[in-house]
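Chemist: Take a look at the letters that make up each chain.
There are 2 protein chains.
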Amino acid sequence: MTVPSLSKRAQTMPASPIRRLAPFAVAARKAGKTVYALNIGQPDVPTPKVILERLRTYRETFVPYGPSQGLPEFVEALRTYYAGLGVPLAAEEIFVTTAGSEALLFTLGALCDAGDEVLVFEPFYTNYNGFCTMMGVVPVPVTTRAEDGYHLPARAAIEARIGPRTRAILVCSPNNPTGTVYTDAEIDMLAEICRARGLTLVADEVYREFTYDGRKHRSVLQLPRMERQVVVVDSVSKRYSLCGARIGNIVSRNRDFMAAILRFGQARLCPPTLEQFACTALTEVPASYMAGVNAEYQKRRDVVCEALAAMPGVFVRKPEGAFYVCARLPVADTNAFAEWLLRDFASGGETVMVAPADGFYATPGLGLNEVRIAYVLEEPKLRAAMRCLGEALAAYPARAAAAKR
Amino acid sequence: MTVPSLSKRAQTMPASPIRRLAPFAVAARKAGKTVYALNIGQPDVPTPKVILERLRTYRETFVPYGPSQGLPEFVEALRTYYAGLGVPLAAEEIFVTTAGSEALLFTLGALCDAGDEVLVFEPFYTNYNGFCTMMGVVPVPVTTRAEDGYHLPARAAIEARIGPRTRAILVCSPNNPTGTVYTDAEIDMLAEICRARGLTLVADEVYREFTYDGRKHRSVLQLPRMERQVVVVDSVSKRYSLCGARIGNIVSRNRDFMAAILRFGQARLCPPTLEQFACTALTEVPASYMAGVNAEYQKRRDVVCEALAAMPGVFVRKPEGAFYVCARLPVADTNAFAEWLLRDFASGGETVMVAPADGFYATPGLGLNEVRIAYVLEEPKLRAAMRCLGEALAAYPARAAAAKR
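Residue numbers (our numbering), protein chains in the order written: chain C, 6 to 410; chain U, 6 to 410.
Please keep in mind that the hints were generated in silico from the structure rather than gathered at the bench. Only a predicted model underlies this, so the values are computations on that prediction, with no experimental measurement involved. Hints are not guaranteed to be accurate.
Quick list of the computed label-pair ranges, beta carbon to beta carbon [claimed, not checked]:
no.: 1; chain 1: C; residue 1: Arg166; chain 2: U; residue 2: Asp338; range: 44 to 52 Å
no.: 2; chain 1: C; residue 1: Arg166; chain 2: U; residue 2: Ala264; range: 31 to 39 Å
no.: 3; chain 1: U; residue 1: Ala300; chain 2: C; residue 2: Arg34; range: 28 to 36 Å
no.: 4; chain 1: U; residue 1: Ala300; chain 2: C; residue 2: Gly89; range: 45 to 53 Å
no.: 5; chain 1: C; residue 1: Gly370; chain 2: U; residue 2: Asn299; range: 19 to 27 Å
no.: 6; chain 1: C; residue 1: Thr66; chain 2: U; residue 2: Ala399; range: 32 to 40 Å
Examples of chain U residues toward chain C, derived with CB under 10 Å [to be verified]:
no.: 7; residue: Val8
no.: 8; residue: Ser10
no.: 9; residue: Glu65
no.: 10; residue: Gln234
no.: 11; residue: Tyr245
no.: 12; residue: Ala265
no.: 13; residue: Glu280
Below, in silico cross-link-like pairs of lysine to any residue (SDA-like), each with a Cα-Cα straight-line distance of 25 Å or less [what the hints assert, rightly or not]:
no.: 14; chain 1: C; residue 1: Lys35; chain 2: U; residue 2: Tyr70
no.: 15; chain 1: U; residue 1: Lys304; chain 2: U; residue 2: Pro385
no.: 16; chain 1: U; residue 1: Lys13; chain 2: C; residue 2: Lys35
Virtual Cβ for every residue (Gly too), placed ideally from N, Cα, C.
Whenever a hint applies, use it, and build me the whole structure from the sequences.
Modeler: Below you can see the structure in the form of structure tokens.
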């Protein structure tokens, strides 16, 4: 009897650096510690009331399949939302997915065959790696640097990474994990490269509404002469604090692309019906909701960044959007440090959970001394978490060794 | 400026034969026709009340991510369910997915690399094709015949299709689209082949609870000496009339396999939170619920099969489970016939929508004169639908031409 082995795909599939430490957190909590979870972008702000109230009005006696492309009422609600951004869309230009995750998976699948390449700016959302592995796609990193606030390098540095199998440039703005909001000039440059080289510009805009210090986000859907070459990946997860709802969508004006996405979507039948039903209420979310959320996050960002900047040996720049910040710590390996925080450290019975940043890089060796911090907790908790982190850095036994290198 | 083209994967991705005709149905309904939809396995029976009532007790102020492997309370409910089937499972042997669709996609991805093969008995659930295309996996069909009630061919015929790249045998019992429930001897034979050849037996058991005439379904999880080689794909969609909930799960006792599935699952973060919350109530579904549903379906099956058997030129055998029946019609191409039914036919303002069966075959040319009928409507509607179908077959202009061949 031979026992079957797993695919190479399964063997190379990366564990999520965000979720890998979960068992240590479970153990720490079991041991009675308070763990401030800054490792994952799980906002604690309330979902707009109208959405949860709409859910409670579901009165059908069963839960049927919806159309593969989404419930018409929900697609209509999304059209209203995009029109409010200055982006008029036809219903056929929107495809509802099971969260941004499926939107990315389908988009990669529709653009790339196994072995094809996608340019992506590192550090990048770690799960891009997972989706690429599932689809056999090769993410080709273009490195951005902490010193530049993780803004884009010059055009030549980007174009140098384009090869015969490059199919798309994947950009996330406001960025996860860096919080960087690319300037209009940066996005225009990417569009120009895509036009010149026949590439698709895939923009992950799930943090669109989270911009600070008066900045306005401009969607790639507003770029001229890019109708056939732009795909937007979107989600209600962060916008309305609905991470567990698993409702996202793709937007594109490229009809052939959307026809392919429909075929991918038909295979999995439909996205969740109940959450779409609830989200039809998104047109009734008052403008004050996002304004309040943004003010709250800007305040949290300031609390976290000011605390980090005051810690000896920590390098950080204040990000422009999203609710993440990448920080360089005076340790050699933030994986070991993050584990140690959960397993061995406590201050007043409290500790903090951060995401080691090397999993956000594709280039081996990069990001080992960086962490991503999601400032998704209320201000008093964030202050307590930062106090823990500062004390932990001072107490970390491996710190001296790292500092000597 | 070069416009990017789509991947070969996107170009070869099949449109769903179940959903392809949807626009014709929309047009027929707009034109005022009543369309009896027997094309899709969307049951009309009520969801158990306890499940929808549980949903209404959701009182959190937001909808957070759950664990990638599923909410612990829901996994616990599933453990109770499987224990009731005589299958004791550890929590780590269950992984919650976004419906059976994702369970299949992840399973194929974890077992197969691009170019690897999976044996599948045709006619088979058409979306297996789609998942295989997405993952670059080659479905190798082993044909079953209407005359045999779509039961399995002899072992030699199955083994003849196994090659160096075969990784698994995928079996669906009770079967979609044929309704066949394989005998214990048939499943034992598949297990023996898998043991001898080092293959994984993947069993799609989402119709487990739907067996008629006193038949009992035996899960492959009860097979001896197959712990490392059995994967079950499951779903609450059909069992509790929750197709739109998108909650399914994988079961396997192969730890390496489950570790890989966890990594796939981490990339997409988690399955829908609200529906898992609702489904924690499944342990409170009374046994009378499934018994009542089964009695209802058995009656519907009899209504449909007796009506079909009475139509001149139609070949059908009464299936043993699920809620589908495959029938051979006296037409040359059921695609054209199904379109004609929606576009050109009406009897008393009514027509019927069926799924052409060629999309359920991988061998070109097979199934062209077959349809799949899902008997998922109430008896009076089914009777009306069968009356429509009978009249339509008698009136179909292309029938004579087909009969002459």
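Chemist: For every hint, state whether the structure bears it out.
Modeler: Checked hints:
no., hint, in the structure
1, C:Arg166 - U:Asp338: 44 to 52 Å, "50 Å, holds"
2, C:Arg166 - U:Ala264: 31 to 39 Å, "33 Å, holds"
3, U:Ala300 - C:Arg34: 28 to 36 Å, "48 Å, violated"
4, U:Ala300 - C:Gly89: 45 to 53 Å, "51 Å, holds"
5, C:Gly370 - U:Asn299: 19 to 27 Å, "60 Å, violated"
6, C:Thr66 - U:Ala399: 32 to 40 Å, "36 Å, holds"
7, Val8, "5 Å, holds"
8, Ser10, "8 Å, holds"
9, Glu65, "8 Å, holds"
10, Gln234, "6 Å, holds"
11, Tyr245, "9 Å, holds"
12, Ala265, "4 Å, holds"
13, Glu280, "6 Å, holds"
14, C:Lys35 - U:Tyr70, "20 Å, holds"
15, U:Lys304 - U:Pro385, "12 Å, holds"
16, U:Lys13 - C:Lys35, "50 Å, violated"
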